[in-house]
Amino acid sequence: MAVITAPAPVKAEAGVSSKTNRKLRDNLTGHAFLIGAVVCFGVFMWFPMIRGIVMSFQRTRRGVTSWVGWDNYLRIVEDPSFWVAWKNTFYFTGLALVVGFAVPFFVAILLNEFRHAKGYLRVLVYLPVMLPPASALYLFKYYAYDPSEAGLFNAVLKFLHLPTSEWMQSPTMTMPAMVLASTWMNMGGAVLIYLAALQGIPGDLYEAAELDGAGLWKRIWHVTIPQTRLILALLAMMQIVATMQLFIEPLILANGAGTQDSATSVAYLIYQHGFFQNDLNGAAALGVIMLLVLAAFSAVYLRLSTRDDS
Amino acid sequence: MSTRTLVSSTQLKKGRAVYWTLLALVVSVFTLVFIGPLYWMVTGALKTAQEVAQTPPTLFPQDPRLSNYVDAWMQLDLAKLLFNTFYYAAGAVVFQLVFDTAAAYALSKLRPALGNVILGAMLATLMIPAMVLIVPQYQTVINLPVLNISLLDSPFAIWLPMVANAFNIFLLKRFFDSIPEELMQAAFIDGASPLRTLWSIILPMSRPILGVVAIFAVTAVWKDFLWPLLVMPHPDTRTVSVGIYSFAAGTPQNIVIAASVIAALPTVIIFLIFQRNIMSGLTTGSLKG
Chain A
1 MAVITAPAPV
11 KAEAGVSSKT
21 NRKLRDNLTG
31 HAFLIGAVVC
41 FGVFMWFPMI
51 RGIVMSFQRT
61 RRGVTSWVGW
71 DNYLRIVEDP
81 SFWVAWKNTF
91 YFTGLALVVG
101 FAVPFFVAIL
111 LNEFRHAKGY
121 LRVLVYLPVM
131 LPPASALYLF
141 KYYAYDPSEA
151 GLFNAVLKFL
161 HLPTSEWMQS
171 PTMTMPAMVL
181 ASTWMNMGGA
191 VLIYLAALQG
201 IPGDLYEAAE
211 LDGAGLWKRI
221 WHVTIPQTRL
231 ILALLAMMQI
241 VATMQLFIEP
251 LILANGAGTQ
261 DSATSVAYLI
271 YQHGFFQNDL
281 NGAAALGVIM
291 LLVLAAFSAV
301 YLRLSTRDDS
Chain B
1 MSTRTLVSST
11 QLKKGRAVYW
21 TLLALVVSVF
31 TLVFIGPLYW
41 MVTGALKTAQ
51 EVAQTPPTLF
61 PQDPRLSNYV
71 DAWMQLDLAK
81 LLFNTFYYAA
91 GAVVFQLVFD
101 TAAAYALSKL
111 RPALGNVILG
121 AMLATLMIPA
131 MVLIVPQYQT
141 VINLPVLNIS
151 LLDSPFAIWL
161 PMVANAFNIF
171 LLKRFFDSIP
181 EELMQAAFID
191 GASPLRTLWS
201 IILPMSRPIL
211 GVVAIFAVTA
221 VWKDFLWPLL
231 VMPHPDTRTV
241 SVGIYSFAAG
251 TPQNIVIAAS
261 VIAALPTVII
271 FLIFQRNIMS
281 GLTTGSLKG
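Here the protein sequences come in this chain order: A and B. Just so we're aligned: 243 in the UniProt record's numbering is position 243 of the first sequence, and the numbers increase by one with no gaps anywhere. Just so we're aligned: 79 in the UniProt record's numbering is position 79 of the second sequence, and the numbers increase by one with no gaps anywhere.
Since the hints were derived computationally from the structure, they do not count as laboratory data. All clues given are correct.
A few chain A residues that face chain B, going by a derived Cβ cut-off under 10 Å, partial list only:
| # | residue |
| --- | --- |
| 1 | Val-39 |
| 2 | Phe-41 |
| 3 | Gly-42 |
| 4 | Val-43 |
| 5 | Phe-44 |
| 6 | Met-45 |
| 7 | Val-107 |
| 8 | His-116 |
| 9 | Val-129 |
| 10 | Pro-133 |
| 11 | Lys-141 |
| 12 | Gly-151 |
| 13 | Lys-158 |
| 14 | Ile-193 |
| 15 | Arg-219 |
| 16 | Ala-267 |
Built from N, CA and C at the ideal position, the CB exists for glycine as well.
Work out the full structure, taking the sequences as your base and the hints as a guide.
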């Protein structure tokens with residue numbers, strides 16, 4: 001008996017160690033597959049995130065880096081364009097939300113009702129999203145927003161006997177013009193996502209609403225919107241984060257600052273400080289401020305949208 | 001496909017005239033709004049500078065000439081700009097497909113220790129606005145940690161950051177998750193290594209999603225502006241969008257527009273060929289998250 005049982009513990013032990021060995025080996029293979037992506041994330045995402053915060057409290061002069069406390073933040077807040085840039089950015093975000101949020105939703109509702117030409121209309125709406133933004137913006141800058149009567153928009157306005165506009169040369173029209181160009185370029189993505197969400201609404205809900213005598217608007221209000229609320233909330237949030245980073249529109253359409261600083265955005269100010277005023281540390285500080293503003297906004301937004309649920 | 005929507009089919013049949021007028025109206029308005037500006041752009045670049053400045057503007061070019069396109073091609077050296085952009089895009093596809101596929105495979109099927117923590121840290125980067133990272137990322141590229149080399153004007157400055165794309169990893173992982181575990185088990189029992197399993201079982205089944213990732217990579221590189229503007233400062237390494245921007249100030253408007261048309265052609269063609277894959281990839285990726 002003893003002869004038979006004696007090797008048993010040894011075998012069990014070997015089993016355990018080969019099991020841990022195998023587990024270790026499996027883990028190593030798994031991490032070997034991950035390593036390329038993890039290194040790229042580390043070097044170009046995680047490390048810069050921390051570095052941005054560190055940089056915002058440092059100053060590099062003639063190759064010497066020293067800690068300067070809140071100096072960068074104070075300098076950036078004292079920049080005469082700082083508050084203008086925030087005002088413009090919020091204005092753009094708000095206006096883009098009113099236009100760029102409602103329009104794609106109703107376009108999607110409309111497209112979802114058609115039994116014909118659906119594919120064609122979808123391709124049309126998404127086409128501008130595929131253009132390089134620089135190309136599309138030169139089209140707007142030189143042809144559509146030409147302030148003379150030879151410009152496309154002014155020609156149309158004149159044809160309709162409406163007053164023409166100076167577009168980008170007028171400080172009051174700068175923002176609406178940028179919102180228009182930006183919405184045209186970007187709304188395709190939102191339309192497609194809404195379309196997919198609309199297709200997920202069970203048909204019997206509309207059936208039931210109709211039997212209860214709900215008209216078209218009531219059906220949109222009581223069925224379509226509640227059924228797509230999650231996607232609506234998510235896209236509103238994503239759009240706000242995207243539009244707060246307004247950059248290429250002012251850079252190309254308004255040559256950066258625009259008439260009387262009417263186009264300066266926070267992102268443009270980061271670019272100016274970092275790459276023209278030799279102030280990467282100030283730019284990093286402004287980046288941190290932007291991150292905090294967006295994080296605070298997201299927190300409030302999440303709190304509000306989850307409170308709705310309960 | 002005859003699912004009930006906002007308006008019922010019976011109602012539609014009753015209001016047939018309304019339906020068709022509305023459809024005709026929407027089709028023409030949409031064509032005008034979305035194709036109109038593109039038509040204006042393509043034909044505008046066929047006009048002379050005098051004709052563009054004319055009021056009212058002409059709907060058709062009176063004397064269409066290709067000279068603006070030819071001038072744009074020569075003056076901006078568009079052949080080189082397009083080649084650069086194509087080169088960066090092709091490299092980005094390769095790097096993304098290799099590293100992101102491998103990572104998604106590990107996270108979905110091999111599930112090493114701390115895999116979920118890594119996935120979480122990757123997904124967290126989706127919450128960070130790109131603009132916030134632009135300065136420290138630039139700082140990293142001009143002096144890479146440990147190696148102490150600068151990637152300025154090197155294609156790696158575009159390729160490597162493209163790998164750090166949490167959206168792609170998420171998209172690929174979700175697709176791999178839907179591949180049955182039994183297939184993996186069967187391969188392992190047959191003695192296939194994880195790499196072999198990825199290569200001969202997972203990848204052949206994942207062609208649609210790999211196509212979507214590749215198309216997204218190409219369009220992302222083609223559309224990107226600020227990053228290549230910063231990390232490709234030398235005129236010989238510029239992308240096409242940055243090249244046009246750099247030349248725009250001292251170049252006649254019509255030539256800038258002609259160059260913009262040429263720069264937009266590749267993505268438009270890619271879209272028209274792959275529109276089905278692009279649109280389905282966009283909606284599956286964002287909806288069921």
